[in-house]
Amino acid sequence: MAAKLRWGELDEDDGEDLDFLLPPKQVIGPDDNGIKKVIEYKFDDEGNKVKITTITRTRKLANARLSKRAIQRRSWPKFGDAVHEDVGSRLTMVSTEEILLERPKPLGAKAEEPQAAGDPFQRGAVLMVCRTCGKKGDHWTSKCPYKDLAPPSEGFVDKPPASDAATGAAGATKGSYVPPSMRAGADRTTGSDMRRRNDENSVRVTNLSEDTREPDLLELFRPFGTVSRVYVAIDQKTSMSRGFGFVNFVSREDAQRAINKLNGYGYDNLILRVEWATPRTS
Amino acid sequence: MRPILMKGHERPLTFLKYNNDGDLLFSCAKDHNPTVWFADNGERLGTYRGHNGAVWCCDVSRDSGRLITGSADQTVKLWNVQTGQQLFTFNFDSPARSVDFSVGDKLAVITSDPFMELTSAIHVKRIARDPADQTGESVLVLKGPQGRINRAVWGPLNRTIISGGEDAVIRIWDAETGKLLQESDKESGHKKTITSLVKSADGSHFLSGSLDKSARLWDTRTLTLIKTYVTERPVNAVAMSPLLDHVVLGGGQDASAVTTTDHRAGKFEAKFYDKILQEEIGGVKGHFGPINALAFNPDGKSFSSGGEDGYVRLHHFDQDYFNIKL
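Protein chains in written order, with this note's numbering: chain A, 1422 to 1703; chain B, 22 to 347.
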């Protein structure tokens, strides 16, 4: 492909003069698929002969009817800077990106809007779970037709414990590092005092609003049993709540009841997620 | 649609113009070479070399034989479209901002910028059939309005000249006597510089775009405001579909502010509006800077936009576009 020229053969001011050494330009096609191959040769900066093969596909864009004169103009010779156009210059390119006429609102949205308001099933069907009656994708909680029939507000809706929530004691998977104190047969009593206090019957509460502080959380969880610790994560830099916290119960049963009742409970405009805190696996 | 990107210019685009058959697209930019492209595949046909400054505007004769370009080098040049040969140069004492051939291509209206002590002016030149007979004399010179006149076009039957510019007032002049016939009033008129002005295919109405973030549709004869299209960006360029009742507005925040903000904040899409309902139909994205020029193919099936980024983007509409309903 590249036959190196010896420097001795090059003139002092080499350049255009050497072009006669190059094989002539070849044009193959366009074939039935509109694929055209142009083979050109030129010298690069180091005097190497470079073969440039350009394969282009000519696509028929539109079956536009052209006037006679327009067809004539098609065969006009190039002029100005267009005469000496490099093969590699690629002045005209087809965008690789599909550009769509972006509608300000989805197609036909205007016509469907009144209907959509009455039947919001089409939108956000997955998200929409009525927390009063538990129906999925039918209505929002605030629009629940059964809300008067629901148990009194003090009693939270009982939910079976989520199957994936009880992963609290998930053991270390094989292959991951297990500290000596945690390994099978190790003496667990030493040094686990701290851990016990933090991890025992610990419930993680996420999706808290930023205004929620520890006393609020305590107030929320106290009805379920004796709470030993309440903690809300605070961002050190912004001193804003990070939106999650932990509540430790003295008894495991109280914690389980709190999870059952409060998971999915609407608190300060947000829907809480309450689950067993998974112990740190590090 | 997959737009065709044409990177022939090294500086921001200033103007785009299709010829009457819609097979050629002329582009002007702040580099000195107006360029002609095939409007179907975007192939470059040629460049017109000779200007020594930014080229602000161009127009092509109905038979696609003659091109007229106005440049900041204080000249307006006539060209042979086919060969790129210069036929004639009109000299001015200030940059030429806008050029427009009359119906019949016997006259051309040229606006010149205010410069030093000179005020802006509208010149009418006679265009000779044979370039050898061409002279540089003006048939008519209109002076008066303050500030730059960004665009001047011919009214129906070449009887009037419609102009708009920095003083945000649209004026209709008598093309014979030079008398001011009509002026847009304060309430209905634009509030800021008028950047572009384009006539409908039949000439019965025209659309003006302005930096006051709106475009307005006017009746050509009575200069009554018909419609207003409000957008959230300064409008640099407007175009009207000859096929459907659509108008396109292009613009974006000022070029000097582009580097300091996110490209999504620049609002560089070309926005389509329904001409009658004044409602937005959609936007076409792509440019990395404000859109300076827009043109619709006379068949209404494609349009091109030229941006501050130096690209011309040629869009052939998908079939979907023709079925859009609001």
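Don't read these hints as lab results, they were simulated from the structure. Don't take each hint at face value.
[Unchecked claim] Taking beta-carbon pairs under 8 angstroms as the criterion, some of the chain A residues facing chain B (in silico):
1. 1487
2. 1488
3. 1491
4. 1494
5. 1524
As the structure is a prediction and not an experimental result, all values here were calculated from the model. We treat Cβ as the ideally placed atom computed from N, Cα and C, and that holds for glycine.
To see whether the hints hold, each was checked on the structure:
Of the supplied interface hints, the one on residue 1487 of chain A holds, with its beta-carbon coming within about 6 angstroms of a beta-carbon of chain B, less than 8 angstroms. Taking 8 angstroms as the C-beta contact cut-off toward chain B, the hint placing residue 1488 of chain A at the interface holds, the least distance being around 5 angstroms. Interface restraint check for residue 1491 of chain A: the shortest CB-CB distance to chain B comes to about 4 angstroms, inside 8 angstroms, so the restraint holds. For residue 1494 of chain A, the interface hint holds, the least distance from its beta-carbon to any beta-carbon of chain B being 6 angstroms, beneath 8 angstroms.
Below 8 angstroms, beta-carbon pairs count as interface contacts, and residue 1524 of chain A has one with chain B at about 5 angstroms; its hint therefore holds.
In summary, this structure violates none of the numbered hints.
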